[in-house]
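Trainee: Sequence:
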Amino acid sequence: MRLMLVLVLWCACALPAWAADPVRLTEAVGRVEARAGAGGDWRRMSVGTAAPEGWRVNTYEWALATLAVDGGFVRLRPNTLITIGPAEAGRPRVLIERGTLHAEAVAGPLAVATPFLEIKQPAGPLVVSVDPMGTTLVANHGDKPATIRPIGGQQAIALPPGTGTVSEAGLPPTKPRALPGRPRWATAEGEHAVEADGRGTLAAAFEPVEGAVEYRVLVARGVEAEAFAVVPVKGGETAFEQQGLDPGLWTIRVAAIDGDGFEGPLSAPLRLSLVEAPPPVAAPPTPPSAAPAAPPPALPAPRAAPLRPQPTSDGAAALLHPDLPGVVDEQRQGFGAWFSLGTTHAGRNPQIADDPPRLAHLRATLAGQAHLLDGDLRLTAAYPFELDPGFDVADAPEARSLHLGAAWRLLRRPAHGVGLAAGLSTWIPLGASADTVTVEPAFDVSLPARPWLTLRTRQGLRADSGDAGFTGWIAAFAAEAHPWRPLSLGAELSVAAGVRGDDGEGLVTLGLPLLLRGDAVHLGVASYVPLTAAARRALGRYVMGLQVRLLFGAGG
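For any residue, its number in my numbering is found by taking its place in the sequence shown, counting from 1, and adding 225.
Label-pair ranges, simulated between beta-carbon atoms:
(1) A394 - A674: 29 to 37 Å
(2) P472 - A606: 44 to 52 Å
(3) V664 - P386: 52 to 60 Å
(4) A674 - A493: 28 to 36 Å
(5) W698 - P386: 49 to 57 Å
(6) A261 - A606: 24 to 32 Å
Below, simulated EDC-like cross-link-like pairs (lysine to aspartate or glutamate); rule was C-alpha separation at most 16 Å, straight line:
(7) K459 - E435
(8) K345 - D368
(9) K400 - D485
Hints listed in this document are in silico derivations from the structure and should not be mistaken for laboratory results.
Being a predicted model, the structure only gives us computed values, none of them experimental.
For every residue, glycine included, the Cβ atom is placed at its ideal position computed from N, Cα and C.
Just need the whole structure built from these sequences, with the hints factored in.
Mentor: Laid out in structure tokens, this is it:
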């Protein structure tokens, strides 16, 4: 009997270590990928897949994922990378390397780790954000204190409910501070009419929260479903609109974010229905001798949505770079391949009287992007296939050059959308034009001016290996808008206008590219107008381009 009692106690103590439920993907929106350890291939992760110890899980732009962990849930926001830890009692099961996650302890305590902290939440929700430099923000939305222990043996602190703390590398967590308040809806629950194309628009307003510089809206399909999309709204606005949704019931929640990036608790759910308006009911014919029948009841008019530009996700597409696609591009981890038709030369060259309009070249590009240290490393290679061998490219060596590019995205704060990257482009001439090698080191900055508008600039130097040496300063300025983003189609239309100038050669162009981005295919149409004589000599009177990108993850 005593031996049996010992065995029962041993099994009860050892059970969590070897029989704990595996971490499993329960909900996914967009592209969610995983790989086994540091050397495996990234593969698309489907709902129901288990993530064993050592696996890494990554969400891309627009993607969301929910993982069942230790009787609770961990919800990954877009651009979030985590590693699955060992199934040992008291050990964190999830290590967040970058991005934002929303953890919720349901059946017991839930432990989460960052590069510098171990966080234990006894009950309720918890939001953890880690930027590329490892700075961690923790917000306790539960009703019990969370325990935060710095990795390295420093004393643990208690994080009371409704407070947050920040921790940087090598520094203890800051004193707990109050989180922003819970927003209150100014829109009543109700119905919205579906538009003629069978899809509808959700529009809602909420009351401002003191100290909030932006808001985060979570849109979910159904009553208790997980978020279908995460939409940022700047602090000066207290309303949002989301287009392209299917008919049915939708649930919306909103959270306020203060100037330091702390996210407050979610609002109460707002439930809105997208319904198809029934056809008008015709009145029955009235007999001549009878009194006129009462008119049928009027159908309720659809509630008008505010004419407000639609917010978009934190990231955006490439910087404007009229002569070649930008080195720094907002592409998911993995690889992509695309063809560009006529992106550099098209139209009549005014220096040649009988020169007809033409498409000058076809360019094939292969690009890959992977997380490295505190940033994302992007490599590109573009090879030209000439369609017009007789075209004079003396003023534009890029037309017949092998383009090699490398960029390291140093900073990208998911909460604010600010981006900073350093890049290096090299053009190696091919064939008869192989005389000099052109090099262009540059840095790119992106700054969101509005939820639907991003300002971008590229600054750099251009030099070649010939006698010219330094040829000038490259400056590009662009404004990119996102007027249309149907969530149910997984696509987004981007419109950018900008000016690029080369101080040494006097090349100044005005461009207007249109990019429709889907989950696996990007379609782009671009038009650029040279503004200076040097640019017209190099490019002709205009540039038209068509681009098709096929995107795929490494090994998937």
